[in-house]
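Protein chains in written order, with this note's numbering: chain A, 1 to 238; chain B, 1 to 238; chain C, 1 to 238; chain D, 1 to 238.
Rather than coming from a laboratory, the hints here were simulated on the basis of the structure. The model shown is predicted, which means the values in this text are computed figures rather than measured ones. Wrong hints could be hidden among the right ones.
Said to hold, decoys possible - Heads up, simulated EDC-like pairs for lysine to aspartate or glutamate below, C-alpha to C-alpha not over 20 Å straight-line:
hint	chain 1	residue 1	chain 2	residue 2
1	D	LYS237	A	GLU228
2	A	LYS237	A	GLU198
3	B	LYS46	B	ASP70
4	D	LYS76	D	ASP61
5	A	LYS78	A	GLU27
6	B	LYS237	C	GLU221
7	C	LYS237	B	GLU221
8	D	LYS5	D	GLU27
9	A	LYS237	D	GLU228
10	A	LYS237	D	GLU221
11	D	LYS5	D	GLU83
12	D	LYS46	D	ASP70
13	D	LYS237	A	GLU221
14	A	LYS46	A	GLU27
15	A	LYS76	A	GLU99
16	A	LYS76	A	GLU3
17	C	LYS42	C	ASP61
18	D	LYS78	D	GLU38
4 protein chains.
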Amino acid sequence: MSEAKVAVVLGVGPGLGGAIVRRFARENFAVAMMARSEDMLKPIQKEVEQFGGVALPVSADATNLNSVIDAFAQVKEKLGTPEVFIYNAGAFLMGGILELTPEQFENSWKINCLGAFLGVQQVLPAMVEHGSGTILLTGATASLRGGARFAALAVGKFGLRALAQSLAREFWPQGIHVAHIIIDGLINTPRVQAMAPEREVHTLLSTEAIAQTYWQLYLQEPTAWTLELDLRPALEKF
Amino acid sequence: MSEAKVAVVLGVGPGLGGAIVRRFARENFAVAMMARSEDMLKPIQKEVEQFGGVALPVSADATNLNSVIDAFAQVKEKLGTPEVFIYNAGAFLMGGILELTPEQFENSWKINCLGAFLGVQQVLPAMVEHGSGTILLTGATASLRGGARFAALAVGKFGLRALAQSLAREFWPQGIHVAHIIIDGLINTPRVQAMAPEREVHTLLSTEAIAQTYWQLYLQEPTAWTLELDLRPALEKF
Amino acid sequence: MSEAKVAVVLGVGPGLGGAIVRRFARENFAVAMMARSEDMLKPIQKEVEQFGGVALPVSADATNLNSVIDAFAQVKEKLGTPEVFIYNAGAFLMGGILELTPEQFENSWKINCLGAFLGVQQVLPAMVEHGSGTILLTGATASLRGGARFAALAVGKFGLRALAQSLAREFWPQGIHVAHIIIDGLINTPRVQAMAPEREVHTLLSTEAIAQTYWQLYLQEPTAWTLELDLRPALEKF
Amino acid sequence: MSEAKVAVVLGVGPGLGGAIVRRFARENFAVAMMARSEDMLKPIQKEVEQFGGVALPVSADATNLNSVIDAFAQVKEKLGTPEVFIYNAGAFLMGGILELTPEQFENSWKINCLGAFLGVQQVLPAMVEHGSGTILLTGATASLRGGARFAALAVGKFGLRALAQSLAREFWPQGIHVAHIIIDGLINTPRVQAMAPEREVHTLLSTEAIAQTYWQLYLQEPTAWTLELDLRPALEKF
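Could you put the whole structure together from the sequences, leaning on the hints where they help?
Structure (structure tokens):
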């Protein structure tokens, strides 16, 4: 087992999740990266190991209790007790109210909100015992606005924001920093580049720049903690 | 089948739901009242029938798709196509994050949010066809604030508010008024009277006064619709 | 002196203010209408008198303390003590931060916010003594959003909203209903019709429909008061 | 004239303002510190000079246009063109609506909001020309909530928040980062220590911890800028 501090990022792909993994790994965290499939975690693992860091791929379905329990058990066994937990899973599903099926609506909530609840239940007992820890939750434009055809996303993201507030009010006094980051714009990921090839890079959120703010939130001292902040490109309309 | 206009209230008990049923029934609506058990609907039915109104008890589990489909099919058959739909179901579950089970957390979301989605899917197609209709969703203090030990409630109520916004932005332009009412205080119900016998009546929200605002929202003209308003007693701390 | 209940509307022109005057006058209020110039008040006075109502034109500059004091003294002398006070004054000034002069910025705040403070100071002492009263404040889209080139308006309207909240928290417990109405769209006034002749009527807020909601707020019972609601056309983008 | 980058902090005393001055001075900024009286600036100047930094005391009345113009002219002459502007002036005035005089109400707005407008007008032209710059505005609990007896403060702080939003939407696309920091709790200053001697240090916001977040906001890259964040102690009730 590593003697490094341990961070878990639930919801890792080639975009923001990977950048957060790299950021914390560079600061000598042993980082567990969780995704439904380990396939896309291998390149990140390789990259991290090249600069001497530790990034452990762990397969996990954020919407499935047993899968989440198993994944955190692996982390504990292989890396140690997490000091930082970042929930970055999410599903982006557009559709009018009459086009969505109840299953789609429910699954969207599970991946955008329930998974965070399942995750924090795994890490909080040890954090409470130690009187410290950091939990960062990734929000979106839809955390504050229920747009037409965005009900499935907004219901989940509003819910995640509610969870963040309840967590903060219950666990800040116990030394655990919970923060909610509202990412209000398109992130520069391979998927977005493919979807919107005309978008110039500086009009998209850089994953490294976002990860830097996650890192700064981790560093905040407990007399001046942030619960919520927004991030968007200078050139975003908002 | 009645020739009266039809309203459905999903989530009726001796408190606010019953008052809304009476309010719309007094205005000559044929009102379908839905609750898990029809038992507590009988006294309201009797009361409404005494003043010559129509109130049809329908058994429905708001969290169960087939039950919701069946319930609305009964309404359509017995009363006609609903012009008004009011979602007043909800569950009030307190508990710290580590005390709640995933099932409790999920069920709280289903009753506070998913049920509204299932309900609006039943009424919207006809409303869209007619180019008119009214959908009123009952919110709470927890719609805007995730308090400590209120995560289960807040996640559902934030979600319901997101749904209200998405519904409004999609369906207002089609002539359907969607509004979200934030009830920010204790309602004067038999349960609250039992729980807090020391509370004087005028410090609690009167169910009739709330129902009056629901009625006024129904009456609003489409050039000046309200999406959201709050209601609380003059003596509430807020 | 009239024995009718007295309402004061500060900020009356051919648009919303006039509609509010008519609405309350039809309910047998003696209504004092205040504007910088009495000229545009004459037609409203005539209209109200034709249906047997009372509408008293009073000249007042909302941004000038002595003018406001004088105006309310006239109301008291000629009509009696106001039970209802509606602040509907406002100035719509667009301009980038570097285009606005400090005088413009300050004057915009005075008309959009300070005037309401001066007005409520005139009516509150008697309201507190009687343990009742209603104060309605007209907000706008800019009450919630500081847009580019809207700083002058938003600073005033945000301030008015702050004032509404502080008033409500101080005076609701004393029996005085304070409410803030966010009018989120273009109102159908002669000025807007001239500015945007292509806009169809049903895409604009009807002044009568708005005034109806003001009236309903007046009627609310103290166990279920609204602090804030929004109004916009069904067809508004928001 | 210094070749260092120049920052201006308007509103400096022994509390947060001083900590911000020290923070930026340690990063090799030449910092102009503005306050009504230069007296309390001398100790900060001395402290900064002891570690080899530059902190220039400038007398300025934030509510007076000519005084603000003069002060910025001095900065330009003695230090150079500001790249960073921080508005930290404010007045904390409690009082019920009927206790405040119109002068007090107006002055509170001027110091909490107008002064920021006057300040940004001095620095923006050069920032726009260079296509870069940072403007940080200090908010408070009262930026989001108009409490009873807090009208004077809330009107100013709501206004400052509106100004921040309008500034961001106008000037972010021109490369100028505007951010608004909501300080939601008591700051550990000599004044607060005297007022509330029973408060333990870790229940108060540390000025150094706050200043660190201001510094991080300065460092943010333009693809992921924050408009607003909150800061409060872990032990704050909120």
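Those earlier numbered hints the structure runs against, lowest number first = Hints 3, 12, 15 not satisfied by this model.
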